[in-house]
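J.: Starting from the known structure of chain G, arrange chain C on it as the hints suggest.
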Amino acid sequence: MSRIDDIFAARRRAGLPTLMPYITAGHPTLEVTRAVIPALETAGASIVEVGFPFSDPIADGAVIAGAMHEALAAGVTPRDVLAAVRAVRPATTLGLVAMVSDSIIERVGPARFVAEAADAGFDGLIVPDLDVDAAGTLRDLAANRDLAFALLVAPTTPADRIGHIAALCRGFVYLLARAGLTGERTEAPEVADRVAMLRAVTDLPIAVGFGITRPDHVRVVTRSADAAIVGSALVRTMSGPDPVGAARALVSELARGLEPLPDDNFSTRT
Amino acid sequence: MKTTQSPPDASGRFGSFGGRYVPETLIAALDELAAEYTRARRDPAFERELDGLLHHYVGRPTPLTEAPRLTEQAGGARIFLKREDLAHTGAHKINNTIGQALLAVRMGKRRIIAETGAGQHGVATATACARFGLTCEIYMGAEDVRRQNLNVFRMKLLGATVNVVEAGSRTLKDATNEALRDWMGSVGDTHYILGSVVGPHPFPMIVRDLQAVIGRECRAQCLEQIGGLPAMIVACVGGGSNAAGIFAPFADDASVRLVGVEAGGMSPRFGEHAAPLCHGAPGVLHGSLSYVLQDEHGQTAPVHSCSAGLDYPGVGPEHAYWRDSGRVEYTSVSDADALAAFATLGEREGILPALETAHAIAETLTRARTLASDETIVVNCSGRGDKDVQEAARLMAHG
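Chains G and C supply the protein sequences, listed in that same order. 154 is the number that the working numbering gives to position 154 of the first sequence; each next residue is one higher, with no gaps. 1015 is the number that the working numbering gives to position 15 of the second sequence; each next residue is one higher, with no gaps.
Isolated chain G (complex conformation):
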């Protein structure tokens, strides 16, 4: 069992959904990245997505793209991100998942990238711009190192393709709550129908992201999904003074949206 599998299983046994905050590595500095990961664990996160800064992040909205460009301007490289994770790994039991463009993976080489990510202490990979028709190689490499490998399912994904995507995933499936980009919204997304479609084709935990910014959003999506992902709201918070303190405060507040699962729901999902 990989660490990601263990985390979801433990949360289910405890009758609680999971919070998965996203940070952009190197934003605002690599020191903050190393300090904030243990702080997020204290605040109630179970898994953290660590974004690799990329020059052309087409899936990300202005907040995360801006954070990536700042980190790149400061000279942050994928090697630095791996080093930061290696440094922080002994200080946390969180699941750490790399969110990384396939542009970076292709340049480094898929086999080498997976090996280095696993050696650094990553527990999984999310590649938001991977060509699903060519995902098999990377999936097998991830499987050989017992890493989670999450592909994205969109609100626009046709029903027949959902099963194909879910079958390629290991660890969890990443469900996009909305079309469009990562970014903050006021209203909670309606995901119950899409989650039900996914449940019909996979037993993997389902994590929902894009546009989740408040405890009530977390509460609404985790009524059906296993995990809520929070990205832009956290990255924006970390742009101000005391990024670690602000991140801890926001994630603590969002964790209040993690309500105990109803018993019947719990039993059907174990």
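Calculated from the structure, these hints are not laboratory results. Just so you know, nobody snuck in bad clues.
Listed next, with one range per pair, are the computed distances between beta-carbon atoms: (1) G/A196 / C/R1110: 32 to 42 Å; (2) C/H1398 / G/H164: 48 to 58 Å; (3) C/E1347 / G/A62: 43 to 53 Å.
Ideal placement from N, C-alpha and C gives every residue a C-beta, glycine not left out.
T.: Below, chain C without anything else, positioned relative to chain G:
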């Protein structure tokens, strides 16, 4: 439209290149576009309407013009120019935008977005949208807005909204990012008219097919005017749409040598050119696997060319396939040589080419000398140079 047996395969691959490296949100729209395109190609009414527009609105066929004084200066093969500069809006870009606007209308999408670098594709898109009554928003990098202000005004006159992109390097690649981002939030009612043979499948195929009218006309004109096929065809390559358009119909003619010319910029050093096929390596950018200019970490490299239309770190996946298969030979021409050719074509033939096109003219002068006087070399005169005279004056003053 003529059906083609050439690649890509069903998953959008030209050999190992191409594909769909985009967020899942866009896949449904790409599937919809591919399906509609397949239907349109089998629909005689679509072909009739497109052919009619290309003839009566765009002004096709464009001439194949012999260039006797350029031939005399080069001293070798007879040089002919395929005159895309004479197409409506002054470049080949209109062939693609008219075709894609027709597809958008068929899909019931009334809002159009596009990226532009030099502004030529933006102008051609705004033109097609005005013709069909479609809402048009163009994304353009702030740096390009500064360099190509005349085209910004042209787009506005044509009724388009121009969104200035301040992110990243503030050029074509960043405008492309923003257009893709817009599309992710608007796929339901919006069609993205990509301007070159780049991006995720089916764009490289659709844009090539729409631009292949250049090569089909050229092939027929060669047979009629010179009594046979040319020995060589030369075209400039940024994203590669004018080159793909003239090359594709000759791809099976083994006797015809095909030469693609990239922007050599100031030097072959990292960051000083825009020649991914000459100096780059396979990688992923803007939705496809092709040759790209990146640093060792996969970050997109800075690029440079005197020509805004070639100032792009990627290239279409079919060019990558042609490069590796050896079907097309790719080389590069420096800023200085392109500027000299820009002036030469004006002086010798009374034709001011776009700075992009001037790269192909420069290479043609070199290549013509290597061929016999009874052989023919065709260069794709992909655009007119009016948009560039101010920039050329500035560069020549510094030269």
